[in-house]
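Visitor: Each chain, letter by letter, is given below.
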Amino acid sequence: MIVLRRLATALPVIAGVIVVTFLLTRALPGDPAVYFAGPAATSQAIEEIRHRLGFDRTLPVQFLDYLQRLAHGDLGTSLTTGQPVTTELLTRLPASAELMLLALCLSIAIAVPLGLAAAMRPGSPVDHACRVVTTAGVSLPTFFTGLLLVYVFYYLLGVAPAPLGRLDVFDSAPPQHSGFYLIDSLLAGDFETFRAALGQLVLPAATMAIFTLAPLARITRAAMLGALGSEFIRTARASGLARHRIVFVYAFRNAVLPVITTLGMVFSFMLGANVLVEKVFAWPGLGSYAVEALIASDYAPVQGFVLMMALLYVLLNLVIDLVYGLVDPRVRLEA
Amino acid sequence: MTATLRHAGYVVRENPVTAFAFALFFLFALCAALGPVLAPYDPLASDTAEALTGPSAAHWFGTDQLGRDILSRIVVATRLDLGIAVTSVALAFGFGTLAGLGAGYYGGWIDGIVGRGVDTIMAFPLFVLAMGIVAALGNNVANIVYATAIINLPIYARLARAEANVRRSAGFVEAARLCGNSEARIVLGQLLPNIMPLMMVQVSLTLGYAILNAAGLSFIGLGVRPPTAEWGIMVAEGASFIVSGEWWVAFFPGIVLMAAVFCFNLMGDGLRDIVDPQRRT
Amino acid sequence: MMDTDNAVPLLAVEDLGIEFRTRSGTVRAVDGIRFELRRGETMALVGESGSGKSVTAYAIMGILDGAARITSGTIVFGGLELLQASERAIAEIRGRELAIIFQNPRTALNPIRPVGKQIADILLRHGNVTAAQAPSRAIEMLAKVRIPDPERRARSYPFELSGGMCQRVMIAMALACEPQLLIADEPTTGLDITTQAVIMDLIAELAASQKMATLLITHDLGLASEYCDHIAVMHAGHIVETAPTVALFAAPHHPYTAKLIAATPGGAPNLEALAAIPGALPDLRRVDLPLCRYSERCERAAPACLDRPLPRRAVGEGRGVACHFPL
Numbered sequence: 001m002i003v004l005r006r007l008a009t010a011l012p013v014i015a016g017v018i019v020v021t022f023l024l025t026r027a028l029p030g031d032p033a034v035y036f037a038g039p040a041a042t043s044q045a046i047e048e049i050r051h052r053l054g055f056d057r058t059l060p061v062q063f064l065d066y067l068q069r070l071a072h073g074d075l076g077t078s079l080t081t082g083q084p085v086t087t088e089l090l091t092r093l094p095a096s097a098e099l100m101l102l103a104l105c106l107s108i109a110i111a112v113p114l115g116l117a118a119a120m121r122p123g124s125p126v127d128h129a130c131r132v133v134t135t136a137g138v139s140l141p142t143f144f145t146g147l148l149l150v151y152v153f154y155y156l157l158g159v160a161p162a163p164l165g166r167l168d169v170f171d172s173a174p175p176q177h178s179g180f181y182l183i184d185s186l187l188a189g190d191f192e193t194f195r196a197a198l199g200q201l202v203l204p205a206a207t208m209a210i211f212t213l214a215p216l217a218r219i220t221r222a223a224m225l226g227a228l229g230s231e232f233i234r235t236a237r238a239s240g241l242a243r244h245r246i247v248f249v250y251a252f253r254n255a256v257l258p259v260i261t262t263l264g265m266v267f268s269f270m271l272g273a274n275v276l277v278e279k280v281f282a283w284p285g286l287g288s289y290a291v292e293a294l295i296a297s298d299y300a301p302v303q304g305f306v307l308m309m310a311l312l313y314v315l316l317n318l319v320i321d322l323v324y325g326l327v328d329p330r331v332r333l334e335a
Numbered sequence: 336m337t338a339t340l341r342h343a344g345y346v347v348r349e350n351p352v353t354a355f356a357f358a359l360f361f362l363f364a365l366c367a368a369l370g371p372v373l374a375p376y377d378p379l380a381s382d383t384a385e386a387l388t389g390p391s392a393a394h395w396f397g398t399d400q401l402g403r404d405i406l407s408r409i410v411v412a413t414r415l416d417l418g419i420a421v422t423s424v425a426l427a428f429g430f431g432t433l434a435g436l437g438a439g440y441y442g443g444w445i446d447g448i449v450g451r452g453v454d455t456i457m458a459f460p461l462f463v464l465a466m467g468i469v470a471a472l473g474n475n476v477a478n479i480v481y482a483t484a485i486i487n488l489p490i491y492a493r494l495a496r497a498e499a500n501v502r503r504s505a506g507f508v509e510a511a512r513l514c515g516n517s518e519a520r521i522v523l524g525q526l527l528p529n530i531m532p533l534m535m536v537q538v539s540l541t542l543g544y545a546i547l548n549a550a551g552l553s554f555i556g557l558g559v560r561p562p563t564a565e566w567g568i569m570v571a572e573g574a575s576f577i578v579s580g581e582w583w584v585a586f587f588p589g590i591v592l593m594a595a596v597f598c599f600n601l602m603g604d605g606l607r608d609i610v611d612p613q614r615r616t
Numbered sequence: 617m618m619d620t621d622n623a624v625p626l627l628a629v630e631d632l633g634i635e636f637r638t639r640s641g642t643v644r645a646v647d648g649i650r651f652e653l654r655r656g657e658t659m660a661l662v663g664e665s666g667s668g669k670s671v672t673a674y675a676i677m678g679i680l681d682g683a684a685r686i687t688s689g690t691i692v693f694g695g696l697e698l699l700q701a702s703e704r705a706i707a708e709i710r711g712r713e714l715a716i717i718f719q720n721p722r723t724a725l726n727p728i729r730p731v732g733k734q735i736a737d738i739l740l741r742h743g744n745v746t747a748a749q750a751p752s753r754a755i756e757m758l759a760k761v762r763i764p765d766p767e768r769r770a771r772s773y774p775f776e777l778s779g780g781m782c783q784r785v786m787i788a789m790a791l792a793c794e795p796q797l798l799i800a801d802e803p804t805t806g807l808d809i810t811t812q813a814v815i816m817d818l819i820a821e822l823a824a825s826q827k828m829a830t831l832l833i834t835h836d837l838g839l840a841s842e843y844c845d846h847i848a849v850m851h852a853g854h855i856v857e858t859a860p861t862v863a864l865f866a867a868p869h870h871p872y873t874a875k876l877i878a879a880t881p882g883g884a885p886n887l888e889a890l891a892a893i894p895g896a897l898p899d900l901r902r903v904d905l906p907l908c909r910y911s912e913r914c915e916r917a918a919p920a921c922l923d924r925p926l927p928r929r930a931v932g933e934g935r936g937v938a939c940h941f942p943l
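First to last, the protein sequences are chains A, B and C.
Sequential numbering from 1 applies to the first sequence in the numbering used here.
Sequential numbering from 336 applies to the second sequence in the numbering used here.
Sequential numbering from 617 applies to the third sequence in the numbering used here.
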């Protein structure tokens with residue numbers, strides 16, 4: 001059905017992503033085997049790595065090797081930790097996912113009502129506030145916002161905990177079900193941990209949310225203005241329909257469509273901002289994993305990270321497409 | 336030309352915010368051109384006795400952990416930051432526009448290849464792709480430029496392609512063809528100047544994004560190494576002092592970074608008003 | 617609240633003036649127009665595009681654009697002064713006693729809502745039915761406007777329907793609460809000829825069966841003559857002549873009306889006589905507009921036309937003309 005068809009259109013994109021990440025691993029300056037073996041390797045170890053990772057074979061063969069290893073979920077091994085990259089990525093995924101999900105919810109919860117209110121009351125203080133948020137939001141460097149928030153709320157006001165990761169040193173993680181501390185602690189009935197985890201989440205999530213607020217608020221406002229000025233709204237008014245019905249059932253549902261499309265761009269920003277926010281807040285997620293590996297010249301994790309983020313992005317875009325299809329009957333039925 | 340200038344003058348006068356943005360841009364350009372001359376102190380001179388002092392009459396923006404004057408470092412860093420941004424945008428604009436024009440005008444397999452290439456780049460979260468490229472090519476400033484150029488290429492390619500597609504069969508193109516102009520001449524001599532205004536708006540907006548990107552990459556330790564002065568790396572160096580209250584080390588570079596991005600975004604909006612008033616938001 | 621005495625007109629527009637504030641000046645779109653419509657009557661407001669006919673219709677419905685300002689006049693509908701009434705009072709009658717259908721029916725419908733639900737929304741709003749009854753009543757309305765297979769069609773979206781069917785849906789929505797007055801704003805523009813006739817016939821039939829008054833807004837004098845008992849001719853925001861249809865065609869009193877008739881296929885005696893009307897509508901942003909806005913296009917114009925206030929002469933049974941030198 002529709003899901004399969006959308007998946008089919010995503011396949012060439014996934015193929016392109018795999019090819020590019022493969023090429024990136026081969027683009028390393030000098031002898032790639034040296035890089036993957038590490039700075040402390042003997043020449044014998046380098047030869048071993050060269051053979052094991054297939055650098056001594058021709059490019060097409062290397063590519064097939066790469067594909068085969070991918071099919072088995074093998075993304076190589078990290079030099080600094082000695083662990084398989086895939087395992088480490090999957091272990092750290094919930095931390096990043098929890099952060100990004102909370103940021104997204106926060107962002108939507110503020111941006112959409114703001115854009116809506118701004119569209120309904122043009123020229124009002126709300127409208128001006130929306131415009132300020134929209135212009136300022138895109139200019140704010142994410143890492144700078146994070147630092148500012150830490151300074152104000154942790155250092156000056158003392159209301160936020162230290163930016164030292166998901167939980168204080170004194171708290172322990174709840175029993176693992178989903179990997180999301182908020183959910184797991186609630187499942188275990190542990191409200192102390194829930195509050196602690198939430199406290200640690202607020203600032204990094206807010207930092208990310210501030211960045212993604214701007215395009216969402218702008219699109220919501222523009223889309224609502226467009227919808228409110230359209231001909232079918234004139235018909236709805238002429239039919240005497242109640243105001244809240246016109247605004248929410250008629251105008252808003254139509255305005256939501258471009259907002260859903262914008263979410264694609266928002267996810268792209270978010271996956272990138274993830275790296276910066278995790279560095280500022282020492283968040284043990286995918287981003288900080290990649291950054292640490294990068295600084296240590298440990299390349300396998302970085303390649304694995306790029307591939308995983310790209311696949312995540314493709315998946316998210318697929319979800320957006322499907323949701324859009326659900327909301328807009330024109331796409332659903334004409335397909 | 337004079338009509339455009341007059342209209343530009345009108346827009347600037349009508350909109351004080353745009354005027355402010357242009358003024359700010361001028362200030363940045365000045366700092367980039369004359370950086371070392373304008374800086375009150377040597378940006379690399381450390382003076383440990385003066386380390387981590389807050390803003391004062393002697394040091395307007397305070398000093399960092401090695402006693403270096405932050406204001407001087409910021410002024411000098413302007414050249415590097417703007418240089419990276421301008422170079423990468425120029426590359427993205429140059430290659431992207433040509434590719435897009437070719438794809439939109441000729442269609443066929445050129446369109447196929449360009450389309451595939453652009454789609455593949457856009458399939459990645461762009462900052463992540465930049466990280467991957469710098470990791471793969473090597474950790475230096477040149478690769479920061481290339482990576483930023485690559486991730487900004489799609490925007491120009493798509494815009495140029497769309498515009499070329501629309502104008503492909505326009506009157507002036509037909510006329511040029513009838514005059515015996517070669518296809519390449521038409522693309523470069525007729526189409527390109529015609530879409531320039533729109534592309535200029537995009538350039539200004541992309542410059543803001545490129546600055547953010549480059550600063551982000553240097554914040555996580557890519558490209559620029561200490562003791563080089565660059566806004567992103569200065570914020571990174573200052574980050575560790577935020578929790579102990581020495582806010583100025585990270586704050587001033589960050590604010591200047593924000594101002595630069597803000598300036599280019601506003602300029603882009605202002606340019607859009609001059610070029611195409613119908614598209615105003 | 618609603619008058620049922622037929623001596624009193626259902627709709628009485630008196631000295632209506634509407635302005636639009638635009639960036640390039642104030643457009644005096646409608647200036648001092650006056651007409652009446654009785655219960656069950658069909659009347660056409662005819663004029664070139666830009667003559668102010670749609671604006672008048674929107675003013676009656678109360679759906680004017682934000683940039684519009686009503687500068688003068690009254691609109692009395694069934695005893696209620698619409699321009700003075702509260703927003704609530706108007707919202708009560710809008711869609712119930714007073715309805716409108718638009719041109720471009722497909723864009724006038726909500727693209728992502730099934731048409732059956734759009735009809736049901738109106739029925740529910742005006743309190744005629746319960747939530748359980750609404751869907752079946754909506755299907756009844758679709759059957760009434762002769763849409764085949766109404767049960768299935770009620771679940772369709774506007775993009776799945778042809779232009780003609782969308783217009784039928786609009787008619788169903790407008791007539792759902794059996795209004796006293798239907799305003800039809802260029803209902804057949806954009807439809808092919810056969811569909812035009814079918815739609816107009818449908819409107820006429822339903823209007824007759826419900827004893828509903830119809831105000832047809834159109835630029836097509838021929839269409840007006842076929843379906844309406846009375847015609848009011850508009851030019852540049854003025855009503856220049858009103859008359860029963862037959863009388864209008866037999867002996868037009870205003871030079872513009874005569875030109876319009878001559879320009880109408882079927883109205884002219886032969887092809888050679890089909891004339892274009894010289895000139896164009898004057899720019900309504902001008903502050904120096906002559907008091908008779910047709911005078912600059914008129915061959916019979918005299919200096920008096922420019923500065924003497926336009927007379928509104930009654931010239932016989934149910935006829936009026938606004939001209940210093942009527943034909």
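Be careful, since some hints might not be right.
[Unchecked claim] No farther apart than 20 Å at their CA atoms in a straight line, the calculated lysine to aspartate or glutamate pairs in the EDC-like style are these:
no.: 1; chain 1: C; residue 1: K760; chain 2: C; residue 2: E708
no.: 2; chain 1: C; residue 1: K733; chain 2: C; residue 2: E756
no.: 3; chain 1: C; residue 1: K733; chain 2: A; residue 2: D74
no.: 4; chain 1: C; residue 1: K875; chain 2: C; residue 2: D817
no.: 5; chain 1: C; residue 1: K733; chain 2: A; residue 2: D328
[What the hints assert, rightly or not] Covered stretches of chain A (chain C as the covering partner; in silico rule of three or more C-beta atoms under 8 Å from a C-beta of chain C):
no.: 6; region: 223-236
no.: 7; region: 246-256
[To be verified] From chain A, some residues computed to sit far from chain C (all C-beta separations above 10 Å):
no.: 8; residue: Q62
no.: 9; residue: D74
no.: 10; residue: Y155
no.: 11; residue: L157
no.: 12; residue: S172
no.: 13; residue: E192
no.: 14; residue: T193
no.: 15; residue: S239
no.: 16; residue: G240
no.: 17; residue: T261
no.: 18; residue: E292
no.: 19; residue: R330
Hints are computed from structural coordinates only; laboratory data are not their basis.
Beta carbons are placed, not taken as given, at the ideal position from N, Cα and C, and that holds for glycine.
Visitor: Against this structure, judge whether each hint is valid.
Guide: Hints, verified against the model:
1. K760/C x E708/C: violated (24 Å)
2. K733/C x E756/C: holds (13 Å)
3. K733/C x D74/A: Between K733/C and D74/A the Cα gap is close to 53 Å, so the pair fails against 20 Å, i.e. violated.
4. K875/C x D817/C: violated (27 Å)
5. K733/C x D328/A: Distance of about 16 Å is within 20 Å: holds.
6. 223-236: With 6 residues close enough to chain C, the hint holds.
7. 246-256: holds (count 4)
8. Q62: Given a closest Cβ separation of 50 Å, the condition holds.
9. D74: holds (46 Å)
10. Y155: Per Cβ check, Y155/A is outside 10 Å of chain C; nearest 49 Å; holds.
11. L157: Per Cβ check, L157/A is outside 10 Å of chain C; nearest 44 Å; holds.
12. S172: S172/A is indeed farther than 10 Å from all Cβ atoms of chain C, at 49 Å.
13. E192: Non-interface label stands for E192/A: nearest chain C Cβ at 46 Å, farther than 10 Å.
14. T193: Consistent with the label, T193/A stays out of reach of chain C, its closest Cβ about 44 Å off (over 10 Å).
15. S239: violated (4 Å)
16. G240: violated (3 Å)
17. T261: holds (14 Å)
18. E292: holds (47 Å)
19. R330: violated (6 Å)
In this structure, the earlier hints numbered 1, 3, 4, 15, 16 and 19 are contradicted, and the remaining ones agree with it.
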